[in-house]
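Colleague: Chain residues, written in single-letter form:
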Amino acid sequence: MKIVKCRFVLFSLTLIIGWVFCLATLSGAQAPELREQLVYGLSVFNGRGYTGGFTPRTEDTIYLMADKNNAISARITLVYFWPITGKYVAGFQALNEEVEGVLEVLKGEKVIKTLEKEDNSRYYPEGYYGEACLLYKGEEARAYFEKFMGAIEEYYKQIAEYQQAQIEYEKNFNDFLEEIKERREAGEEIEKEEIEERMPREPTPPSPPQFYVTPPTKDYVINLPLGHYKIRLRAEDGTIVQDSEKDLVLFTCRREGGTGYGIIPGNRWTRKESCDDPSWIIYAAGENTLYFNPFIQDEYNELYYNKLEDPQNRGREEGWKWVHIKSIEDVTLLFSKGEEILQRIVRLPYYVEQISGPELGYEIVEFDPVKMPDRQPTFEGYKLELASTLQKTSYEINMEKEEGELFQGGKREIRLVRKEKAKWLYILSIFPLGVGLVVFVGRRRLKS
Amino acid sequence: MIKTDGLIKEYDGFRAVDNLNLKVKEGEIYGFLGPNGAGKTTTILMLLGILEPTQGKVYLFGQDMAKDFLTIKKKIGVVSEKQYLYKEMSAGQYLSFFADLYGVKNSKKRINGLLEKLNLLEVKNRKLGAFSRGMQQKLGFARALLHDPELLLLDEPVSGLDPTGIKRIRDLIEEENKKGRTIFISSHLLSEVERLCGKVGIINKGRLLAEDSMDNLKKKLTDVVELQIELSQMKKEIVDTLSAFDFIEEIKEEGNLLTLKIKADKDYRAQISEAISGQGGVVLGIKTKEMSLEEAFITITEKNISLLAKED
Amino acid sequence: MAGKELSLSIHTMKALAKRDLYSTLSSWGIYITTFVSFVASSFILKNFLGSIKGDDILISADPLNYPLFISTIIISFYLALLSAISISREKDQGTLEVLFYGPVSSSSYILGKYIKNILTYFVVVLFFLVYFWGVSLLTNMGFSSRLGKAILTSIFSVSCVISFGLFISSLTKKMRNSIIWLIGVLILFLAVEVGQTILLGLPQGEVSSILTYLSDTLSVVSRGANWISPFSYLSRGIDAISLDNSFLWGLNILYSIIYSVILLVLSISILKRKGVRG
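For the protein sequence lines, the chains are P, V and L, in the order given. Residues in the first sequence are numbered from 1 upward in steps of one, following the working numbering. Residues in the second sequence are numbered from 1 upward in steps of one, following the working numbering. Residues in the third sequence are numbered from 1 upward in steps of one, following the working numbering.
Derived by calculation from the structure, the hints in this document are not laboratory data. Hints should not be assumed to be uniformly reliable.
To be verified - DMTMM-like cross-link-like pairs, simulated, lysine to aspartate or glutamate; straight-line CA separation at most 25 angstroms:
hint	chain 1	residue 1	chain 2	residue 2
1	V	K75	V	E174
2	L	K173	V	E150
3	P	K411	L	D56
4	L	K14	V	E81
5	V	K74	L	E5
6	P	K272	L	D55
7	V	K57	L	E5
8	V	K205	V	E226
9	L	K4	V	E150
10	L	K53	P	D60
11	V	K67	L	D244
12	L	K274	V	D148
13	P	K447	V	E237
14	V	K105	V	D68
15	L	K149	P	E318
16	L	K272	V	D5
17	P	K110	P	E154
Said to hold, decoys possible - Residues on chain V that point at chain L, a partial pick, calculated with CB under 7 angstroms:
hint	residue
18	I50
19	T54
20	K57
21	L70
22	V78
Here the structure is a predicted model, which means the values were calculated and not measured. All C-beta atoms in this analysis are idealised placements derived from N, C-alpha and C, irrespective of residue type, glycine included.
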């Protein structure tokens, strides 16, 4: 009977393993398929600016930040599964049909708001590539967009004037060169000062508008307090649009105003690190160049925030994550050992220069506006060089405001590891065997 | 010392022990007899609280086993048929462990004393895996006596032992009983029970069929006595005359030996002698053969006779 | 009288635990397992150190927690096995019955075994402290409060593992069956985990209804397995530490205690019901 039981267990296990294997095979055999479905297009606030995305049918919940303007739109589009990322992709270029109707917001079973589509625009005060962004709706949205269009028109006008001035400049410059040439050929000696004084000045190109505003689009703008809601789309004929019902979670940060560091290792410009939590320790070998970029940060629920950034992201509901909100610029970075301050580091602009030749690497150099007139700094930061001569122990970084006042929450520990002793770790592992041997010998002696 | 009230144990509808009422007095050696599967071990396991009765109660030392389980068990020493030892331990370690378990004070002295008494001192440090069957049994006794128990429960204590071993264990049991210990022996070796036990209980199919002193039990069982009469010469007339008596149930003749089975209600020897003489026969000798406990045990269990029921 | 019974019970537990602990500590098993677990930890740490070179850095609040996690998992397997065979071996050899002739009850026996295994782990914890202190001295990786928290968590999750092993052992009569059941159940947990990972990777809504049904079923089974598998209490505890979520950490400890108590009570009642002979 017992043998039968054991065989049954072994047989069941074989079945389970076989089944898992079959699933793995099946998963590889699925071919992507285009499906027409209703999705919600999103333009949602993420603490710094606005991020876009869409909610496919498979996602039941939309996560938004409370008390902020968030724009969502209902669209019929083609959706397909992209196995490499494991996510659904929307083919808006192939099909992008707006769904008409009103958006009902429910709290429990009660409709608390009915939203009509309204004009909205995103305003980027730092320009098109800046992260900071505000969402304006209605008249304000139209006004901002008009302001932006005015600025663009003005810019185009300045461009035209600049081009004209450039033509004139080139002509004057050539004439001047000709005159100089003729006078020199005539044996006249021309003073350097005169040349510098009379040389035509090149016109300065106009700067484009420093801000950017998206053209107004008609979406549902949701601005709700903290809580759990439901949304659904009611068509013009009064029916609920199929697949339009979603749960809506409005959340906010748990803690705000924290301090975090973005860290660019000297050899890894593309792979930045971050040291957000004060309990996190930076382990280094002691031959590093690190560029620190301090941030003000807020702490959000990991699942909610990940889902806000992309509804198909995953996360842990019990997890929390720091989100960098705003760069801290007006401080000095202190590098110290105990009470002793070893370095005071100021914020400087840096430029990432491609290394020519077969190495295909790059080099981070200090930005020099004189030597690099046509370039912009790649980033700004605080450069800390950890020399190999430093003692392999614990150090600290912190930020100092003006008048020697330390920035709250800015302290982080840097530990220089003793790599050369790594091989001793295996020898340390033998320690339990040593104790076992002592016990064994002790027992033998006791017996004898 | 031991009292059970209507003890019943059922396994999936099968009644292994059926309404068992045992009474063992303090200082007694009680023999618990029964064929295989009669319910002896189940009873012992219930006495030890290892098995929970389906119904009924066990009282040891006047205390309810269900309530004072551990306190009671601390006063019992048990020796089973097999010892199931920790083979990796030495005899000394084994007894030390049990001494610790029972909370024996001055355990070292006690262990050495017992080992000496049981002729095991020399093998104190030997691994139990190397112990012979007899040594294991003796060690089992040492373990059972370690905490100076008031009651010894012995389940087939001499099973598998050689005659010397049996003698040693028998002496030990008698010695411990003399010290005032109550001893409960479950055994299929009837000769042992007959020799050692003052009182016997016979169990079959879960039911207690008889419980009495050895002499009374024999008396109750032996309602027929066998007489062996040696004659100077066998004669047909003698047999014919004797056959006419009502109290004679069976006659067998073998040479000059006549075997009669007669009722045990009266002493008929004089009447028989007279009848033989009357036919010219000469009686050289008469031998009465009583029924042994083994014969009584077989009779009682095969016929499943309840002597207790008769009493009632 | 009840007080006397309790004190006898405690005495029995102590005596049983003492004997077993002596036996465990006198054998090589625990030392070899700890050694193997430390070799695994050293390998991970060496890799960590190897990754910190030149401008490459490592940012972590608790870099020693992962090696500790791996070490604890290895030792947990050993203790699970030890627990799983503990009762069945004594049943198998008949020694359990002899023990029960004395002042031993199902509860004092199971708890004695549990205490012994927990004490064995306490010895391992001492090894951990020495090893990680050594690691800290050698490498300057640091001995943080989070490592202390993780070691504390490991005690509670190992308690779950031991209770689970004892539960398996109480169900089985033969040592071999206990081992097969233990490994079988652990493989089952693993299969559920792997199966769910595979099914989660499939495009939802585009797979056949059978696979969708399987995926949903497996998701429910996996959630259940997460509470049944004793090893998940360790990963949840370590997760809570890395999340710096003290509430979750405390809750996980509470869950571990509840899990251990439930399984120990079940083991006791099974042993009572099945008896010493199985």
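Colleague: A separate judgement is required for each hint: does it hold in the structure or not?
Modeller: Going down the list of hints, with the structure as the test:
Taken as a hint, the K75/V and E174/V pair is honoured in the structure, with Cα atoms around 19 angstroms apart against an allowance of 25 angstroms. A threshold of 25 angstroms between alpha carbons decides the hint, and for K173/L with E150/V the separation of about 33 angstroms lies outside it, so the pair is violated. Taking the CA atoms of K411/P and D56/L, the gap is near 21 angstroms; set against the 25 angstroms cutoff, the hint holds. At most 25 angstroms may separate the alpha-carbon atoms for a hinted pair to count; K14/L and E81/V exceed this at roughly 28 angstroms.
Between K74/V and E5/L, the direct Cα distance comes to roughly 11 angstroms. Compliance with the 25 angstroms bound is thereby established for this hinted pair. Under the criterion of a C-alpha separation no larger than 25 angstroms, the hint pairing K272/P with D55/L is consistent with the structure, at around 12 angstroms. For the suggested pair K57/V and E5/L, the alpha carbons sit about 19 angstroms apart, so the restraint of at most 25 angstroms is met. Among the hinted pairs, K205/V with E226/V is inconsistent with the structure: their alpha-carbon atoms are about 30 angstroms apart, more than 25 angstroms.
The hinted pair formed by K4/L and E150/V meets the criterion: a straight-line CA distance of about 19 angstroms does not exceed 25 angstroms. Straight-line distance between C-alpha atoms of K53/L and D60/P comes to about 45 angstroms, which puts the hinted pair past the 25 angstroms bound. In summary, the hint linking K67/V to D244/L is not supported, as the alpha carbons are separated by about 49 angstroms, beyond the 25 angstroms threshold. A hinted pair counts as satisfied when its Cα atoms are at most 25 angstroms apart, and K274/L with D148/V does not qualify at roughly 30 angstroms.
At most 25 angstroms may separate the alpha-carbon atoms for a hinted pair to count; K447/P and E237/V exceed this at roughly 83 angstroms. Straight-line distance between C-alpha atoms of K105/V and D68/V comes to about 22 angstroms, which keeps the hinted pair within the 25 angstroms bound. Distance restraint check for K149/L and E318/P: the Cα-Cα separation of roughly 18 angstroms lies within the 25 angstroms cut-off, and the hinted pair is therefore satisfied. Between K272/L and D5/V the CA atoms are separated by roughly 22 angstroms; this keeps the pair inside 25 angstroms, and the hint holds.
For the hint pairing K110/P with E154/P, the CA-to-CA distance comes to about 50 angstroms; that exceeds 25 angstroms, so the pair is violated. With 7 angstroms as the threshold, the beta carbon of I50/V comes within range of chain L, its nearest partner Cβ sitting at about 5 angstroms, so the hint holds. Below 7 angstroms, beta-carbon pairs count as interface contacts, and T54/V has none with chain L, the closest being about 13 angstroms; its hint is therefore violated. A least Cβ separation of about 16 angstroms between K57/V and chain L goes past the 7 angstroms threshold, and the interface hint is therefore violated.
A least Cβ separation of about 4 angstroms between L70/V and chain L falls short of the 7 angstroms threshold, and the interface hint therefore holds. Hint status for V78/V relative to chain L: holds, with the closest Cβ pair at about 4 angstroms, below 7 angstroms.
Checked against the numbered hints above, the structure breaks hints 2, 4, 8, 10, 11, 12, 13, 17, 19 and 20 and satisfies the rest.
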